[in-house]
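> Listed below, chain by chain, are the residues.
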Amino acid sequence: MSAAPAGTMHHESIYSGGIASWLTTVDHKRIGVMYGVTALLYFIVGGVEALIIRLQLATPEGTVVGAEVYNQMFTMHGTTMVFLVLMPLAAAMFNFLIPLMVGARDVAFPRLNAFSFWTWFFGAILLNLAFFVNQVPDAGWFGYANLTSKQYNPGLGIDFWVLSLQIMGIASIASGINFTVTTLNMRAPGMSLMRMPLFVWMALIVQILMLLAFPVITVGLVFLLFDRFFDTNFYVAAAGGTPVLWQHLFWIFGHPEVYILILPSFGVVSEILPTFSRKPLFGAPFVIFSGILIGFLGFGVWSHHMFTTGLGPIADTAFSLGTMLIAIPTGVKIFNWIGTLWGGTIVMRTPLYFAVGMIALFIVGGLSGIMHASTPIDLQQHDSYFVVAHLHYVFFGGTVFGLFAGVYYWWPKVTGRMLGEGLGKLNFWVMFLGMNLTFFPMHFLGLDGMARRIYTYPAGVGWEQWNIVATIGAFVLSIGVLLFYINVVRSLRSGEPAAADPWDAATLEWSMSSPPPEYNFAVIPTVNSARPLWLHKYGPTRDISKHTKEDGTPPQPDHPVERVELPSPSHWPLIAAAGLTLAGGGTMIGLLPVLIGAAVLVVAVYRWAFQPLERPGNPVFGPGGGSG
Amino acid sequence: MSAHATTFAVPHRKMAMWVFIGSECMFFGSLIATYLSYKGKSVAGPTPAEILNIPLTSVSTFVLLMSSLAMVLALDAVQRDHTDQAKLWLGGVIVLGGLFLAGQVYEFSHFYHEGLTLQQNLFGSTFFVLTGFHGAHVTVGVIWMATLLFMAFRGKLGPEQSLDVEVAGLYWHFVDVVWIVIFTVVYLIQ
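These protein sequences, in sequence, are chains W and E. Taking our numbering, the leading residue of the first sequence gets 72, the next gets one more, and so forth. Taking our numbering, the leading residue of the second sequence gets 47, the next gets one more, and so forth.
With the rest of the complex left out, here is chain W (with noise of 0.2 Å):
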């Protein structure tokens, strides 16, 4: 490591100030942070969700819970999961990296970023508060038709599901909106988008793809939300509709989410493994342009998830072909980072294992896709364990220990402290086989009749064997999960200082201190090449252009040089969150709540439109500037 790191000069903590203003901040790194820490908690809930699954169908005839709690446990483990974890979490790293990356002080819109995070965090408390009435959503995380009419599912659990899925679709949709803007618009002077991070690119796919898809979802549920409160038709039978008009919405909506939930873990693999093969990454254009296909494709595909409604041997036909070519510009990805890492000059760094099991576990979770993208084989297997053991391996395998594989890369630039190497390796051999033990036999569950959501089954049909094993296999799961935390204790109370760049890596989000100052940048860069800090650490060498060394990005100064001011915080983008969520959900209580609710939240969008971004007393630094 020759380079001369910008230093871990002393800058006051990003982190101090009292709650308030955390409640009140619009720094993009600290909303980051919020969405992580937040996510990471509700992590344990839908690991929690799960281990009950697993612990009843240990054995057969299992008396753990009902079938009533059972599904109320498989609803909510994949809700929390999929919008309480995953989502949140890859939130977390494009709130505090994309600025970082791009060479920006902010993201477009602070206070609407705000804003995003408080609507997730009061629709997230809006769905969990099910638990506390006792009324808990339990037609799965799909909510399929029927299952959730008023008629077959009178309580309020559905609607605590439908109106806190909506309200955390605003937030969605908001920050698609702001971090599209970021990406697109504040990038440093010459980043191209060709220089663009792999990680911001996949971000900005995952933007786009929350833009288009979420409005559909919405609309599905607005349907669901009308037939429940209001006696609609939309998805009765007997009226002439049809409840598979559920599923189109959903799935146009729910497969873009897969890979919403997939790309971010993808862009973390393709910052890493170029970092720790001492190489750039093979075909980079490649892996931009697969991404983008992956995205277009993927809203093509939908109705693979219902091949068994019996759409027709055409409609089967094309979206079976659709599919299986999204296994290309997949495959594609798949041998551009294998090809990185060949000839590279590995650094077995704790992030690069959880990057290198990514890709092993998505290549499995891939190519059991693959097989039920056939119609015939789908129809077989459709809604049994191999389904389940698919899903996994894409959705943890994939997307958790990529996530993780992130988590543990940017951890010193977020806190300023290294996570222990020791215990990271050891959380990633026990997840590792963790994850292996719980979901591979769920491969020969499904194949041999199997059925998801069940929750018992009767003793000597031969499932007992591989379910005892799955089992296990959730409390090694948990074990592993479990070491991750308390390596995040222990960094956090007595971990090693972090350097400014403690990978040696290429991208601009090292420039600076760890953590970084409140104004990011105190230079704004400019950038020559997709892989600025190693142009000016190596020279051209390592880069296949014109430049020279000095085009290169040097590590950022201690001070700015120029006055930097900086917007102030505000309470109205939480206060119209709280507003927003009280007319959500008080539509379960009655009007008055509602009318409250949209009193504060018109109130606050009108203080907030018309308070200045900066007002006396922001954030100043630089000559000039009291604050730095």
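Rather than coming from a laboratory, the hints here were simulated on the basis of the structure. Quick caveat: nothing in here was measured; it's all calculated off a predicted structure. Don't take every hint at face value.
[What the hints assert, rightly or not] List of simulated lysine-lysine pairs, BS3-like, C-alpha gap at most 30 Å: (1) K496(W) with K350(W); (2) K350(W) with K617(W); (3) K87(E) with K221(W); (4) K221(W) with K85(E); (5) K133(E) with K60(E).
Given chain W's structure and the hints, the job is docking chain E onto it.
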């Protein structure tokens, strides 16, 4: 947003509105697709042919289209710092938008008395939810325009605020374009 240089030389808010409009296309697209896929599937009347009043709706469509003209003129007036004209044309947008909404209220209550309710049949459900959400968008637009008009009367709508008007205008024109699609799909092609 202050005048920081942007990569594409487009103000953030303008780009954000375009991105939002892209998202809204999927929202209205889903509503319209549902309307079309449920067309003719109702097991009870009234049917669209029995109840839709094309001449009346043509008038309110014309009114809404004219409001877009007023919107263009309002933006032009603000950019040229002609505050009085800006007030006039913003007022025009509000009045025309309000007329359109009044037409929708009349239409909805008329249908209700004719026996087409939200619950009556699939046509009622899909029709009211689709046109109702469009009406809600028009309502938000009218409130937005009223806010801009209020700013104009306070003397706070000069050329330096023209972006405020331009972004609101993008929204307004989009809501108009959506209506043209709805009018064609629901009323004209029965």
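> A separate judgement is required for each hint: does it hold in the structure or not?
Hints, one by one, checked against the model:
1. K496(W) with K350(W): It holds: about 23 Å lies between the C-alpha atoms, which stays within 30 Å.
2. K350(W) with K617(W): Status holds; Cα separation ~18 Å.
3. K87(E) with K221(W): With Cα atoms ~22 Å apart, K87(E) and K221(W) stay inside 30 Å; holds.
4. K221(W) with K85(E): Holds. K221(W) to K85(E) sits at ~24 Å (cutoff 30 Å).
5. K133(E) with K60(E): holds, 22 Å
When held up to the earlier numbered hints, the structure conflicts with none and fits them all.
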